[in-house]
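From first to last, the protein sequence lines stand for chains A and B. Using this note's numbering, read the first sequence as starting at 8 and increasing by one per residue. Using this note's numbering, read the second sequence as starting at 68 and increasing by one per residue.
Quick caveat, the hints were computed from the structure, so don't treat them as lab data. The C-beta atom is built at its ideal place from N, Cα and C for all residues, glycine as well. Any given hint could turn out to be false.
Residues on chain B that point at chain A, a partial pick, calculated with CB under 8 Å [unchecked claim]:
(1) A165
(2) A169
(3) A204
(4) M217
(5) A222
(6) V230
(7) W240
(8) T261
(9) V271
A few chain A residues facing chain B, derived, Cβ under 10 Å [stated by the list, open to error]:
(10) R24
(11) L27
(12) M57
(13) L58
(14) T155
(15) K167
(16) V168
(17) L178
(18) I180
(19) T181
(20) L186
(21) G201
(22) W204
(23) P205
(24) L216
(25) A224
Below are the chains, spelled out letter by letter.
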Amino acid sequence: MMQLLRDARLVFVKDLRIELRARIVIAQIVPFGVLVLLLFAFALDPRRGMLPTVAPGLFWITVLLASILAVGRSIAVESEHGARDGLRLSGLDGGAIFVGKVGAIVAELLALEVLLLLGTFVLYDVSADGILVLTLTALAATAGIAATGTVYGVLASGAKVRETLVPLLVLPITAPVLLGASKAFESALSGRSGEAWPWVQLLGVFAALYLTVGFVAFGALLEEA
Amino acid sequence: MSVDLHMPPRRARPFLGFAALLGVAATVVMGLFVVPKDVAQGDAYRLLFVHVPAAWLSYLAFAVTALASVLYLVPRTRDIRWDYLAGASAELGVIFTALMLAVGSLWGRPIWGAWWAWDARLTTTAILFFLYLGYLALRRMGGSPEQRAMRSAIAGLTAFIDVPIVHFSVTWWATLHQDGSVFNEKMQVHIRDTSMQLTLLLGVAAFTLLYVYLCTQRVQLLALEEGMAERELQAAIEERVARSGATGTASSAPTTDPSTSATTAVGV
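Kindly generate the complete structure, drawing on both the sequences and the hints.
So, in structure tokens, the structure goes:
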């Protein structure tokens, strides 16, 4: 168990270190997310006062789109220079590699979410209530998105058409996450935190399910797929 | 590998196909000409005889895909033919889901007054359609048959466990937003007319036969496609051997005829 955590931490730190040095996440994915949010505001015309009601949905659509890029990055770093073979030969447990990679994506997405949330407050004039609900929702939803993204990312990793295949696979699977996270945010931001709990639970179940699947299957996928 | 995926046997297949054709034809005749008009919906309800069987089939097909995926993943029952079955069944599932959505939409326009409604069941089905569209795209991505089978089996399983979550979340969402009063009528249909009931049953039976027939044909086709490259190689080797061995050393030729060995490997 300790070995597993150590392995996971190794992969986690490795992925984050690559991201910090390559600056793809900071310089491209995060600006992309903020840009999408801005574009939504243009499309919906902020003067109409519609934005506060749709802000939670837009927020999570943005995170979902950014997550596709983050997953793409996470897989791309393993497919260059035979890194994948290195990973396979490293003797690290498949489940630990999965946890490490998911952890790195979660960390990246959470950074984006904090920024977006600040952006949402500024752009959309929503009040910050129910911080606890917001935090739990963000954690559970992001873990679910990162877990499914990593599973499908590695499934599609050998394909020449990976960039187009991953969104087609991940977006329908994560539809419940989008729904649940948007609803929970809506409740929390409008001061009705109590209504958010069923959704937070749903997000938790989703995350637990796909983390388990990924943990069990990742080794085999890395070997055979 | 004691699993036999070749039910029904080859000789029975034309009969199966014929029975499916007959069943579908009978459903068309019954649905269009024999059953009476509905009091409330007029002729539009006749779409039900396609819609309900298609819906049943798409669920059946996706369940078969999930089951075949599990059977491939379990080492004891691992067999490449489970992968063929999963793929064939998912293809049919996607086709029947599209048919169900299209027919439902055609029916919805005159009856609900809208082509589409954000009803829980509709939304779930739409997501299901895209889920399996992605699954089929993943299957086409290349690699060795074993790689494809492994990837597809995991994808098939992960897609299937998402279905209840999608349904649950969408139901919750839809009921929070709107009372499904109008739409629920569809779920609470009471069919009193015997000929209508019979036609519906006939439709379900005919579509099921059609599914079994198409699925077996597709599995066989997938197996043949897979074996094709191998057989071409075998034929090329044999040709080369025959040419170089023109002096009369026939003993260098493979002992088994490649076409028969391939056929038995496929297990037709």
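Which numbered hints fail: Of the numbered hints, 1, 2, 6, 8, 9, 10, 11, 12, 13, 21 and 22 do not hold.
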